[in-house]
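Taken in sequence, the protein lines are chains L and C. Quick note, the first sequence lines up with residues 1 to 266 if you use this note's numbering. Quick note, the second sequence lines up with residues 267 to 560 if you use this note's numbering.
Calculated from the structure, these hints are not laboratory results. The beta-carbon is built from N, C-alpha and C at its ideal position, and this holds for glycine as well. Do not take every clue at face value.
Using C-beta positions, here's what the derived DEER-type ranges look like [what the hints assert, rightly or not]:
(1) Arg-367(C) with Lys-93(L): 49 to 57 Å
(2) Arg-178(L) with Ser-371(C): 23 to 31 Å
(3) Gly-217(L) with His-399(C): 46 to 54 Å
(4) Val-166(L) with Ser-371(C): 36 to 44 Å
(5) Trp-284(C) with Gly-181(L): 21 to 29 Å
(6) Glu-526(C) with Arg-178(L): 52 to 60 Å
Chain C is nowhere near these chain L residues, computed Cβ spacing over 12 Å in every case [what the hints assert, rightly or not]:
(7) Asp-47
(8) Ala-49
(9) Leu-54
(10) Ile-63
(11) Ser-66
(12) Pro-156
(13) Thr-160
(14) Arg-178
(15) Gly-181
(16) Ala-182
(17) Gly-217
(18) Ala-218
Far from chain C, by Cβ distances over 10 Å, these chain L residues were calculated [stated by the list, open to error]:
(19) Arg-43
(20) Glu-56
(21) Val-58
(22) Arg-124
(23) Asp-159
(24) Val-166
(25) Ala-183
(26) Ser-215
(27) Asp-235
Residues per chain are reported as follows:
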Amino acid sequence: MSSETKLGRRRVSLGWLPHVVGVGALFVVLAPALSLVATLLQRVRLDSAVLRALGEAVVGSLILVSLGLSLAVPLGIAAGVHVATHPRTRLAKLASVAIDILSGVPSIVVGVVAYALVVLPTGRFSVPAGAVALALVAFPEVARSTTDLVASVPTPVVDTALSLGVSSWRVTTFLLLRARGAALVASLAAVACRSLGEVAPLLFTTASGAAFDGSLGAPMSSLAVEAFLSVHTPDGGARAATLSLFLVAATMTIALLVRRRAPRSA
Amino acid sequence: MLDAAHLRAELRSSVAGWLGRASGALPVAILVTIVGVLASAALALSSLADERFDPALGRFGLWPLAAGTAATTLVAIGLAAPVALVAAVWVSELAPVAWRRPLASLFEGLGAIPAVVYGVWGRFSVVPFVRDHVEPALTSTPRGHGFGIASAACVLAAMSLPLIASHAAAVLRGVPEPLRMTAFSLGATRWRVVSDVVLPAARSRLFGAVALGVGRAVGESIAVAMVIGGRTATPTGFFDATSTLAAVLVDGYVDATHPEHVGALAVVALVLAAIGGGASAVARRFLSNAPRPA
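Same shape as in the complex, but just chain C (with noise of 0.2 Å):
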């Protein structure tokens, strides 16, 4: 029967069905709309595949900068990630048991300090410690600014630590009890219940916190910029000024003018979005396959 009230129902109902479907569109649409936009303006660029990246030359290589990316998200991550785990693996398994919250908010109020103060911080006190100190130890011919490579992934790898750290604690805190139990039960040690039952049971998660470290410091470009010294040219050394893909955009991306300098910072941007989007897509898949809290 068609009466009036039925006929509301269903009219709202349907809004509902069409403002649900819209507002799941919404994130594909904003996706499609980045990638519209950068892919758009990286038309303009005729080739990438040179040596240098040079603006005022008219050269847009990327290698300068993916080899900047690379070096410092490697090294700070390489220093951050082990740390960080055996940091999260003592916390949440081997701490006295009253100090393991306290920890484990520790580490994620200092995950959430915004990077521009960990780049503040780099300025200040881990430039001037890699000029006067690191730099002048390590080889014979310092350049003596401290700004460069080492810096940046000092100071990368200090905003890593708390962030995986926090996933990690995150991760091993998701086991579920009765594991443990179990293994108690049957006569392990604390040590052995964490190394062959808890780390085995989070394996794939552990993997997960570190991807999302990766992501970050690929995509960090404000306190790198603030570190890492801003030239463009290929790095040859560890403590080399150069730049990397995200920090380039910092730099550069309002005095572009060249179509074809906004065409190659268009495709920095892009190929940042598919790095950093890629690792959270695989991080997320990773933290949320294994074993939940029941």
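So here's chain L without its partners, still in its complex pose (with noise of 0.2 Å):
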């Protein structure tokens, strides 16, 4: 290799530079979050009120997701396997782009439009106006990721099915629908992990207040709303910082958990 020698040289000399660049990009990639998670744990405080609050909240929040999914992901589905098993039909490609649009519209702009359509005409906040705006803001991620997996099963699997005389409902819920099962389970939990964090689309439906008292017709205290409110209190420090921090651990390990199953949405 004596004939590379000047070029050749330095290409390697040179060769280190990329890694300075990468790791120095990686390192500001992770800064944010290491610094995020330094404030959060310098300001927790686990006192009794702050526990309270925190019970309540998470109580608040599981009802509220729960709820939301109950309706976007049986809806969302639905139109997910229309989509991806209607590929040429003018409304199937309606309905993509429909989602494609949806999936992008700001969820503070869903929860000014659920404010307007249940707030509005109930008159108060409540629990349900805010699992509608939830299940507003979900339906579109979950359509899409349901569109993405069924596009996933090869041709030639189904056009054998439907050749043997399976009937076409068969096909989606046995064959299109179970085959990715787990990965459709994972992409619904990342779902729900994106609910857990969601303020703007609560704020106007469901508000924030008291613990769960077992009406439904009443504001409701939850996570993330709840920590958004308490920053702006003079002593909820503590408990947006306490609260903060469950909804960091409680999202990356549902992320985490769920990334070796689910596709990637994109």
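Could you fit the two chains together into a complex? Lean on the hints.
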């Protein structure tokens, strides 16, 4: 390799540069998160008042997310399957574009619409209003990941089943959804994780307030909203930090757990 | 022959067909409902061509808010996108192979941290830092509170970094392996493979990853509302407290009683929906039109 002399040596001598730049960029990406965790840990306080607020907020969030997803999941899966199994019809193309647009509509806009649709006519903040808003945010995400999953089942498998006389309904439920069942559950968990951290859809719908007391027709405390509102109160710093740290732990755990199974929705 | 079983099967398939069509129509119906609700509220508005947004005075110009959104988004994405892309290239192409998956997972984990948490962090740490260190260093007359465009842009950049990086890393992973193999077998160095083969193959999809970041930054309401100061005057400097299209909805929607005020906020929501939805549709188009993993 003596003929490579000058050019070759220069190339080798600059070989470290991309690595230095790359590691530097990696550090910049990770630094805000490190600072974030450090800041929260500094301010966390686990006294009884904060823990009670945390407990109430967790219960409220679980209720809201499960109600919201029980609306969004069946409808989202149905829409996603329709788009994936009728790729050439005009309706499916229109639906696909609508899903893409909906998934980009900021959640604050959804909150405003849910406020106008549910809170203004009924005259009060309520749990169902928040559930509707969360469902509107989650619906396009569920539909989109369903479409991607169903489309990833190889066409020959589907064609074989259809040619053997299996009805299209059976193909959908048994072949398409069950073949990708684990991945579907994983992407639903990711959607649930995102719903858990949403403030904007809930701020004008379920708002904030006391713990869940068995009635759905009243405002209710939930994790992300409580964290948002606590920051604005003079002595709410510790509460905001504790709730935030809980949110970070919960969402990152879910995200890392489901990552292996979930396909990229991009 | 029309026996009962045949009839039943026929009925079932036609019911399934109708259900299928209804589920296909649902996303369109939701979109139309959202636009319809906002548009009907927006009709109350007489004029948006005001240079101030001040509900108390009955003035509802959108320019200050649009300026706030443009400034925060441009600065945040301008800072975050290049760094995130470089980090993604390093993690998925140049890093030691054993590090690649864990680091990509870490990007996704960080991308899943809710916006409100970034807002809390911004309030507790970015705002004081900007107030005590950045602003005194860069201006002669510091405003002394730290809330404003600079803080909001920092928080948005922090949120966009892992988001863009995780999508970009996924895009790079999707570049077919045979392309790299061919280039290596022709004697290209690792760096030349990245710069001459992988990046050109992934270019449009990387653009899609950045477009996703832009859409998210424009529509981010909660985290921005927590650090931007909530004033609705036109910003004149980088450290001015102001508001954005999304943040003004957080502060003002429930309090809005005057029909013109509600109308102005509905227009703001429509604009946001158009930008966010457009960015998402564009991103989806770019992300899906290039070589996929075989």
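Hints and how they fare:
{"no.": "1", "hint": "Arg-367(C) with Lys-93(L): 49 to 57 Å", "in the structure": "violated, 36 Å"}
{"no.": "2", "hint": "Arg-178(L) with Ser-371(C): 23 to 31 Å", "in the structure": "holds, 27 Å"}
{"no.": "3", "hint": "Gly-217(L) with His-399(C): 46 to 54 Å", "in the structure": "holds, 49 Å"}
{"no.": "4", "hint": "Val-166(L) with Ser-371(C): 36 to 44 Å", "in the structure": "holds, 38 Å"}
{"no.": "5", "hint": "Trp-284(C) with Gly-181(L): 21 to 29 Å", "in the structure": "holds, 26 Å"}
{"no.": "6", "hint": "Glu-526(C) with Arg-178(L): 52 to 60 Å", "in the structure": "holds, 54 Å"}
{"no.": "7", "hint": "Asp-47", "in the structure": "holds, 19 Å"}
{"no.": "8", "hint": "Ala-49", "in the structure": "holds, 18 Å"}
{"no.": "9", "hint": "Leu-54", "in the structure": "holds, 14 Å"}
{"no.": "10", "hint": "Ile-63", "in the structure": "holds, 18 Å"}
{"no.": "11", "hint": "Ser-66", "in the structure": "holds, 18 Å"}
{"no.": "12", "hint": "Pro-156", "in the structure": "holds, 15 Å"}
{"no.": "13", "hint": "Thr-160", "in the structure": "holds, 20 Å"}
{"no.": "14", "hint": "Arg-178", "in the structure": "holds, 17 Å"}
{"no.": "15", "hint": "Gly-181", "in the structure": "holds, 19 Å"}
{"no.": "16", "hint": "Ala-182", "in the structure": "holds, 18 Å"}
{"no.": "17", "hint": "Gly-217", "in the structure": "holds, 18 Å"}
{"no.": "18", "hint": "Ala-218", "in the structure": "holds, 16 Å"}
{"no.": "19", "hint": "Arg-43", "in the structure": "violated, 6 Å"}
{"no.": "20", "hint": "Glu-56", "in the structure": "holds, 17 Å"}
{"no.": "21", "hint": "Val-58", "in the structure": "holds, 14 Å"}
{"no.": "22", "hint": "Arg-124", "in the structure": "holds, 12 Å"}
{"no.": "23", "hint": "Asp-159", "in the structure": "holds, 18 Å"}
{"no.": "24", "hint": "Val-166", "in the structure": "holds, 12 Å"}
{"no.": "25", "hint": "Ala-183", "in the structure": "holds, 15 Å"}
{"no.": "26", "hint": "Ser-215", "in the structure": "holds, 21 Å"}
{"no.": "27", "hint": "Asp-235", "in the structure": "holds, 14 Å"}
When the structure is compared with the earlier hints, violations turn up for hints 1, 19 and for no others.
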